[in-house]
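Student: Below, each chain spelled out in residue letters.
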Amino acid sequence: MSIVMQGAPPATRSRGRVSAARLRELGGRAGQVALALAFPAAILTAWHFATAGATYSLVPPPAEVARAFWDLAFGGINDDAFSQTLLTHVLASVGRVLGGFGLAVLVALPLGLLIGRVPFVRQMLDPTLQLLRPIPVTAWLPLAMILFGIGPRSAFFLVFLGAFYPILINTVFGVRAVETRLFEAASMLGCKGPAQFSRVVLPASLPAIFTGLRLGLGFAWVVIVIGEMTGVQTGLGAIIMEARQLSRTEIVIAGMIAIGALGFISDRLVMLLGRRLLSWSPNHV
Amino acid sequence: MSEPTIPILEMRNVSKNFDFSGQRIQALAGANLTVRKGEFICLIGASGCGKSTLLRIAAGFEQPTSGEALMWGKPINGPDPSRGMVFQDYGLFPWLSVRGNIGFGLAARGRPKAEIQDTVSRYVDMVGLGKFADAYPHQLSGGMKQRVAIARVLANDAEVVLMDEPFGALDAMTRDRLQDELLELWASTSLTVLFVTHSIEEAVFLSDRVVAMSPGPGRIDSELLLDLPRPRDVSSPTFNAIRSDLNQRLHSHHARKAA
Ligand SMILES: Nc1ncnc2c1ncn2[C@@H]1O[C@H](COP(=O)(O)OP(=O)(O)OP(=O)(O)O)[C@@H](O)[C@H]1O
Ligand SMILES: [Mg+2]
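As given, the protein sequences belong to chains A and B, one line each in that order.
So in the working numbering, the last one in the first sequence is 285, and the numbering has no gaps at all.
So in the working numbering, the last one in the second sequence is 1259, and the numbering has no gaps at all.
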């Protein structure tokens, strides 16, 4: 056939030469970053002036929190029980989060695909899961402690539970939203039955699944702290509770910052992975 | 052609009822249609007269309520790669590139990688999408998407291509071009095409035979053999005479129905 196509393939940016547009773009980015930093800087300043030099303050000034954080991470300042323990606690928490989250993915993802696609499974499991869903994860804590004892296993279980529902619900939603047209297209091309799970259902619902993964991981970080607050020796939740009992507010805040940073980093990692896997989707950035 | 006596597709007295919120809708009532290998047939008729339903039964997406749908004399039990469907809304897989979409059927059927690559490249070139081979559907124009959809069923060894208003959503210029391309493809292969359209002009331009359907309930009303040489000149007197004849036939149904 003789068809001449007009136009160029999807934009590929020319490299090497730095154009004016590119410079402007960089300037724009710098401006954006500056704007995003302005607000926390203002808060830090306000915090500093409200607390530094005060004779009595419930909250320590930012500089003291920074020092506590440094000591927690590298030691050499206070040389007490908290010094240089950050890595241990971070590893303990990250391990539980990844373990509980990973298990939640392994269970919720296949289950969500089945509930979304197979009416029998949906009719059997959906009512029960919907009834259990309104129970807050925190309400499971006492039962978890009875079942798994006071200790890291309860925390692990809570993380699993916290990540489970967001992943499940978003997966089911994603599967239900796949257009029938795509199943018709697949079956007329010779892809029928269970083969459609990997070739159609999974890729088509991947954007929704990623939303579920991000939410689930976020919940995992929320829940881990609650899980570690009772009867656990290591972990960021444990260290915060211990510091509170010893009235070391600066360490409480340092621990909070560590949790926030870890939650942020893990969210970014999932987002990066999503961006790679979902580059085909016009709605996904 | 193995057995020229057996039609490639045959609808024998096909009826189809739908139950729609407690109501029974008769979409087709005893439709008969015989399609011979290599024919280019256009189905035309008022909205709701069952054209899509007939095509979907031929594809195997729907089963007739009564009557028989046959391919090479055997009942059609479900969708099959030998009957490829081209949808008006494309139905491309958004997570696959042009190549991925064209190779989908071959990959799903477990063909060797090298063979898939070969076939895909051939069809990418055939529909002129070489530069866009790695683009995703959302990066393509409607016309390009429909080219991918056509290449996808051809790469999958379709003998019959079922097209449900495939160019209905395209602008007039793209539509004209795709009509030419489709005819070229059809002429250079042994394809059989069953093509639903709303446009009388499109039907007369493309087909060997125009099958007019009438509504309430849907059935085949009349057939018109078009023994015109191709390429056809849409402004020629013969073309216009046929067009107005068909126009009259289709409109007489409305008159009859209203009476
Ligand atoms: N899945 C369905 N459920 C209920 N009714 C249906 C279904 N599919 C089609 N129908 C009905 O069957 C009749 C024929 O529909 P069909 O889509 O075949 O018409 P058509 O000729 O393709 O119309 P159009 O030209 O508007 O596409 C219509 O009355 C329609 O409402
Ligand atoms: Mg239709």
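Calculated from the structure, these hints are not laboratory results.
Hints are supplied without guarantee of correctness; some may be wrong.
To be verified - Footprint (simulated), chain B over chain A, 3 or more residues, beta carbon under 8 Å: (1) 97–111; (2) 203–217.
Claimed, not checked - To be clear about the criterion: a stretch of chain B counts as covered by chain A if any three or more of its residues have a C-beta under 8 Å from a C-beta of chain A, and this derived list gives those stretches: (3) 1077–1083; (4) 1087–1101.
Idealized CB from N, CA, C, for every residue including glycine.
Student: Which hint numbers doesn't this structure obey?
Tutor: 1
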